[in-house]
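Asker: Chain residues, written in single-letter form:
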Amino acid sequence: MRLGLVIDLDVCVGCHACAIACKEWNASGTIGPLSDYEPYGAEPSGVWFNRIRHYEMDEYPNNKTINFPMSCMHCEDAACVSVCPTGASYKRPEDGIVLIDQDKCMGCNYCSWACPYGARELDRSSGTMKKCTLCVDRIYDQKLPIEERQPACVLSCPAHARMFGDFDDPDSAVSRTVRERDGYPLMPELNYQPTNQYLPPRQKPVIHVDAAPKGGLKESIKQFANRLVRR
Amino acid sequence: MHPALSVIFFTVASGAGFGLFSLLYIADVFSLGGGFNREQLIIGGLMAMALIVMGLLSSTLHLANPKNAWRAFNRFRTSWLSREGVFAVIFMPLALAYLLCIWFDAPAILRIGVGFIVAVLAWITVFSTGMIYACLKTIRQWHTPLVPANYLALGYASGSLLLLLGAVVAKLDTVPYLAMSALIVSVAAVLKAIYYFWIGSPSVTPTINTATGLTRAGVKILDTGHTHGTFLTQEFGFQLARKRAGILRLAVFVVGFGVPGLMLISIFRQPDALWAAAVALFAVMLGAAIERWLFFAEARHVVNLYHGAQRC
Numbered sequence: 001m002r003l004g005l006v007i008d009l010d011v012c013v014g015c016h017a018c019a020i021a022c023k024e025w026n027a028s029g030t031i032g033p034l035s036d037y038e039p040y041g042a043e044p045s046g047v048w049f050n051r052i053r054h055y056e057m058d059e060y061p062n063n064k065t066i067n068f069p070m071s072c073m074h075c076e077d078a079a080c081v082s083v084c085p086t087g088a089s090y091k092r093p094e095d096g097i098v099l100i101d102q103d104k105c106m107g108c109n110y111c112s113w114a115c116p117y118g119a120r121e122l123d124r125s126s127g128t129m130k131k132c133t134l135c136v137d138r139i140y141d142q143k144l145p146i147e148e149r150q151p152a153c154v155l156s157c158p159a160h161a162r163m164f165g166d167f168d169d170p171d172s173a174v175s176r177t178v179r180e181r182d183g184y185p186l187m188p189e190l191n192y193q194p195t196n197q198y199l200p201p202r203q204k205p206v207i208h209v210d211a212a213p214k215g216g217l218k219e220s221i222k223q224f225a226n227r228l229v230r231r
Numbered sequence: 001m002h003p004a005l006s007v008i009f010f011t012v013a014s015g016a017g018f019g020l021f022s023l024l025y026i027a028d029v030f031s032l033g034g035g036f037n038r039e040q041l042i043i044g045g046l047m048a049m050a051l052i053v054m055g056l057l058s059s060t061l062h063l064a065n066p067k068n069a070w071r072a073f074n075r076f077r078t079s080w081l082s083r084e085g086v087f088a089v090i091f092m093p094l095a096l097a098y099l100l101c102i103w104f105d106a107p108a109i110l111r112i113g114v115g116f117i118v119a120v121l122a123w124i125t126v127f128s129t130g131m132i133y134a135c136l137k138t139i140r141q142w143h144t145p146l147v148p149a150n151y152l153a154l155g156y157a158s159g160s161l162l163l164l165l166g167a168v169v170a171k172l173d174t175v176p177y178l179a180m181s182a183l184i185v186s187v188a189a190v191l192k193a194i195y196y197f198w199i200g201s202p203s204v205t206p207t208i209n210t211a212t213g214l215t216r217a218g219v220k221i222l223d224t225g226h227t228h229g230t231f232l233t234q235e236f237g238f239q240l241a242r243k244r245a246g247i248l249r250l251a252v253f254v255v256g257f258g259v260p261g262l263m264l265i266s267i268f269r270q271p272d273a274l275w276a277a278a279v280a281l282f283a284v285m286l287g288a289a290i291e292r293w294l295f296f297a298e299a300r301h302v303v304n305l306y307h308g309a310q311r312c
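Just so you know, the sequences run in chain order F and B. If you read the first sequence in this note's numbering, its first letter stands for residue 1, the second for the next number, and so on. If you read the second sequence in this note's numbering, its first letter stands for residue 1, the second for the next number, and so on.
By construction, these hints were calculated from the structure, which means they are not laboratory data. A couple of the hints might just be wrong.
To be verified - Restricting the straight-line Cα-Cα distance to at most 35 Å, the calculated cross-link-like pairs of lysine-lysine (DSBU-like) are: (1) F/Lys91 - F/Lys104; (2) F/Lys64 - B/Lys67; (3) F/Lys64 - B/Lys220; (4) F/Lys104 - B/Lys67; (5) B/Lys137 - F/Lys104.
To be verified - Calculated from the model, a selection of chain B residues having no Cβ within reach of chain F, i.e. all distances over 10 Å: (6) Ala72; (7) Arg111; (8) Ala193.
Quick caveat: nothing in here was measured; it's all calculated off a predicted structure. Positions of the beta carbon are idealized from the N, C-alpha and C atoms, including for glycine.
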């Protein structure tokens, strides 16, 4: 199995609900807490596994705002795992999820240097590195109804811009969607083979903004009257 | 990249220590300038080991969870950080064995054999330190074979000037030590110049377009999505003004290589010039520290692309 996410950049509205749901679930999950520093102070900061950034593509009038959620890509060739000196970082052979053993991490930050996606963040309170677990403590939970055995971010997305599934299965929903919508990985030139895929924004018909005359008898009389009466 | 002072001190001190120990071995084998006596060799070796131990201890200061530092030897098979630790730890008892060979006047074959292994281990350890940085594909300024070359050259340059100071104190013939220092310092200067030339011209690198996959038009950041700084901005957001970087690069060459070069000439003319040897050593260490700080400050991690940088 190769579990991962598909994120639809055409649909994401940038509401940050996935990031909030992630924080809510994982703060009390196996890797929690996700510490906040000065949450009500002048400079609030803290640990997040999922961050949403906002970009603009192209120039007006062809510009488009793209909301861009990012979390761990659970790379096939995960450099964060191979550079880890302690063996705290590991990739599960059975489902490809990259995890950090909190009991082994010495907080050297080296794995975060190796990650191009900014997926790993040091928690100052525990002194250990933390990252997205793909909600490993949810997706296998037999006590949850089967439709809820998905990462918190996927369940919470109001726009259905996120999908979760097995990329090794060519007929899974994620594999099919990536095939049909030309899904792509981020920064493929670094060759980490990220599992998560992004669906590009669709090409939309250009809406003309210049007013076109409506035509018709009523409109011509109106325009004639407008020319006569100076307001 | 954020320049952590503990890591700068560690790499400068342990580089000088490993450099001193392996050059001390060469001085011993060839009896350079008449050769150090037994006590002098032991003192030199212990000084080198002290520098290395101080460096290693300082390197644990940047750990957020140092109680797990002992686990760092686990991933020898894949991690250069782990390899560096393992090599440094193997170095210690062997270096001690070499010093014991000197103290107890062991047969020459044993003394030379053990010393050779120790010198090679010192070389491998400093190489591993450089590879910690050079193996990262995420930082263009580090992902080059020039990085371990620079680490080795600067470590051995510092070590050679330490050894020169020792030769002046021991009143040996300084000419072979001067020649050795002059050669290593100039090689270090040339390698550093090539490095600065190399990182100045970005070749094929990730851009904000490949980072987001939005390649059909220009992309710019509208909002980074966080209120204040994050771990990512603290660790990777460090930015150095180009003008300041230029001044510091000049300082590396003037202080780190120029001043020691002038001092070498002074010692050549007046072989008992202890002050000149001391100034040369101080200058090369200061230059190495500035170089190491710049090495971090000038490195741009690709995660900055997601925070709006067009290329790294």
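Asker: Name the hints, by number, that the structure is in violation of.
Answerer: 2, 6
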